[in-house]
Amino acid sequence: MQLDIFLRNSSVKLNRFLPEYTFLPKFDEVTAKYFAMENPLEIRIKIIQKNLQVPQTGVFDGKTCDELIKFLGLQGSGISLAEKKKNIQKKLGFTGKMVDGIFGVATLTRIEFFLDKKLPELPKGAVMIISRKSAEMILEFEIGSRARYLSLYQNPIWPEGQSGITIGIGYDLGYTTQAKFKKDWEHLLSPTVFSRLKTVVGLKAARAKKALSTVKNLIIPLDAALEIFYTKSLPEYAAITAKTYPGIGLLPPDAQGALLSLVYNRGAGTEGESRREMKNIRKWIKTKDLQNISDEIRSMKRLWPKTKGLRQRRDREADLVKNASNILQPNDYIFV
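Residue numbers (this note's numbering): 532 to 867.
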C-alpha cells in the first residue's frame, strides 16, 4: 500500500510493459541513449587493435590474441583461444587465480602499458639494441668460462677452414689489417707478444695453419681479450649485422642479439648455397616474422651435421628469436 502511494505522488515513470515497478526516471529514454553509445572498453580495445594492425572489432578475438602472442614473444600454435589468453596473462605478470582467461579492465590496463613501452632511443654511434641474455650467450659460445678460456683459448689457435690465426675471443688475425691490429692490441699486450703476432696478421687458411707454430706458445690475457670483445668486436660486428640486415632495429632485443651472434660466428656473407638461409632472413625481418627467422637459423644446422657446438649455437639463437620479447627490465638493454 505504501508503495502504491509513493508511485502516485512521485515523478517516477512506470514502465507498463514490466510486471514490476521501475524506479529509473525517464527509463526508456536513458537506456536507449546508453545502449546506443560505444562501450568504453571497446574503444580501448580498438585502439590496441589499431596499434597491432588487426581488424578493429572491439573484442579480443583470435587475430588480436595472435598478434599479442607474437608481440610478447610467446608460442601460440596448436592451443585454444582460452589458453592463449591465459598465457598472455602469465606473460603480463598475473599469477594464481588472476590467470583466468578473462580480459577485463585489469588485463586490458596491463596490455596497454606494455604496448605503450617503446625501445629506448639509440644513443649516437650505436646501431642496435641487444639483450643482456644474448650478449652473455655470445660470450658463452666463444669461450665458455674463465677456466675454459685459460685451458683452450689463451694461446693463439687456428680454427681450420678459411680462418686466420685467432686470438682472444674470436679475434681473427687473418681478416684484420696491420693498422687495426696495432690500434686494438698494442696497448694490451707486451711488446714481445705484440711483435710476434704482427707477423701472422693477414694470413688465412693453409698459410695460417703453417704459421701457427711460430706463435702458439704466446699467452693472451683474459682481461685483454674481454676488453677487446666488449669495446671493439661487439660494436664492429653490430655495425656489420645492421648493414647486412636492414630493419633489424624493428625486432626485439633478444632477436637482434641472436642475429648479432650469428654474424659474429658466420660472417655477413649472403651469397651461395651455403648462405641461403642468411639471405632469406632479410625478407622475414621486413615483416618482423620471428618464427620464420627462427626457422631459417635452425635450418643452417644442415651445414654441420656432426659439429655439436655449432648445432647447439644455432638452436640457442633460433630459440632466442622465437621467444623474443620487447618486455625487458632497463638494465637488460645493451646498446652496441
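No wet-lab data here; the hints were simulated from the structure. One should not assume that every hint holds.
Unchecked claim - Straight-line C-alpha distance at most 30 Å; calculated DSS-like pairs for lysine-lysine: (1) 832 to 817; (2) 714 to 741; (3) 601 to 664; (4) 763 to 664; (5) 713 to 839; (6) 713 to 655; (7) 735 to 617; (8) 577 to 628; (9) 581 to 819; (10) 832 to 735; (11) 617 to 664; (12) 655 to 819; (13) 622 to 837; (14) 601 to 581; (15) 810 to 763; (16) 747 to 713; (17) 729 to 741; (18) 714 to 774; (19) 819 to 622.
To be verified - Here are the computed distance ranges between Cβ atoms for each label pair: (20) 606 to 840: 37 to 47 Å; (21) 721 to 803: 17 to 27 Å; (22) 767 to 578: 35 to 45 Å; (23) 754 to 613: 46 to 56 Å; (24) 763 to 633: 45 to 55 Å; (25) 675 to 800: 39 to 49 Å; (26) 633 to 691: 52 to 62 Å; (27) 861 to 800: 27 to 37 Å; (28) 613 to 810: 22 to 32 Å; (29) 802 to 719: 33 to 43 Å; (30) 803 to 763: 47 to 57 Å.
Owing to the predicted nature of the structure, the values given are computational and were not obtained by experimental measurement. Yeah, the Cβ is synthetic: ideal placement off N, Cα and C, and Gly gets one too.
Taking the hints in turn, this is what the structure says about them:
1. 832 to 817: Between residue 832 and residue 817 the Cα gap is close to 24 Å, so the pair holds against 30 Å.
2. 714 to 741: holds, 26 Å
3. 601 to 664: Judged against 30 Å, a Cα distance of about 19 Å means the pair holds.
4. 763 to 664: holds, 19 Å
5. 713 to 839: violated, 35 Å
6. 713 to 655: Given pair residue 713, residue 655 holds - Cα atoms ~26 Å apart, limit 30 Å.
7. 735 to 617: Violated - the C-alpha atoms of residue 617 and residue 735 are around 54 Å apart, more than 30 Å.
8. 577 to 628: Holds. Residue 577 to residue 628 sits at ~27 Å (cutoff 30 Å).
9. 581 to 819: Holds, at roughly 17 Å.
10. 832 to 735: Cα-Cα ~25 Å, so holds.
11. 617 to 664: Status holds; Cα separation ~26 Å.
12. 655 to 819: holds, 24 Å
13. 622 to 837: Violated, because 37 Å separates the two Cα atoms, which is more than 30 Å.
14. 601 to 581: holds, 15 Å
15. 810 to 763: holds, 26 Å
16. 747 to 713: With a Cα-Cα distance of about 19 Å, the restraint between residue 747 and residue 713 holds, given a limit of 30 Å.
17. 729 to 741: holds, 15 Å
18. 714 to 774: At roughly 23 Å apart (the allowed maximum being 30 Å), residue 774 and residue 714 satisfy the hint.
19. 819 to 622: holds, 20 Å
20. 606 to 840: 37 to 47 Å: violated, 26 Å
21. 721 to 803: 17 to 27 Å: At roughly 41 Å between Cβ atoms, residue 803 and residue 721 fall outside 17 to 27 Å, so the hint is violated.
22. 767 to 578: 35 to 45 Å: Distance hint for residue 767, residue 578 holds at roughly 41 Å.
23. 754 to 613: 46 to 56 Å: Between residue 754 and residue 613, where Cβ atoms are some 53 Å apart, the hint holds.
24. 763 to 633: 45 to 55 Å: holds, 52 Å
25. 675 to 800: 39 to 49 Å: violated, 26 Å
26. 633 to 691: 52 to 62 Å: Cβ of residue 633 to Cβ of residue 691: about 58 Å, so the range 52 to 62 Å holds.
27. 861 to 800: 27 to 37 Å: Holds, since residue 861 and residue 800 (Cβ atoms, about 35 Å apart) stay within the stated range.
28. 613 to 810: 22 to 32 Å: Since the Cβ atoms of residue 613 and residue 810 sit about 40 Å apart, the hinted range of 22 to 32 Å is violated.
29. 802 to 719: 33 to 43 Å: Once the Cβ atoms are compared, 35 Å apart, the range 33 to 43 Å for residue 719 and residue 802 holds.
30. 803 to 763: 47 to 57 Å: Cβ of residue 803 to Cβ of residue 763: about 28 Å, so the range 47 to 57 Å is violated.
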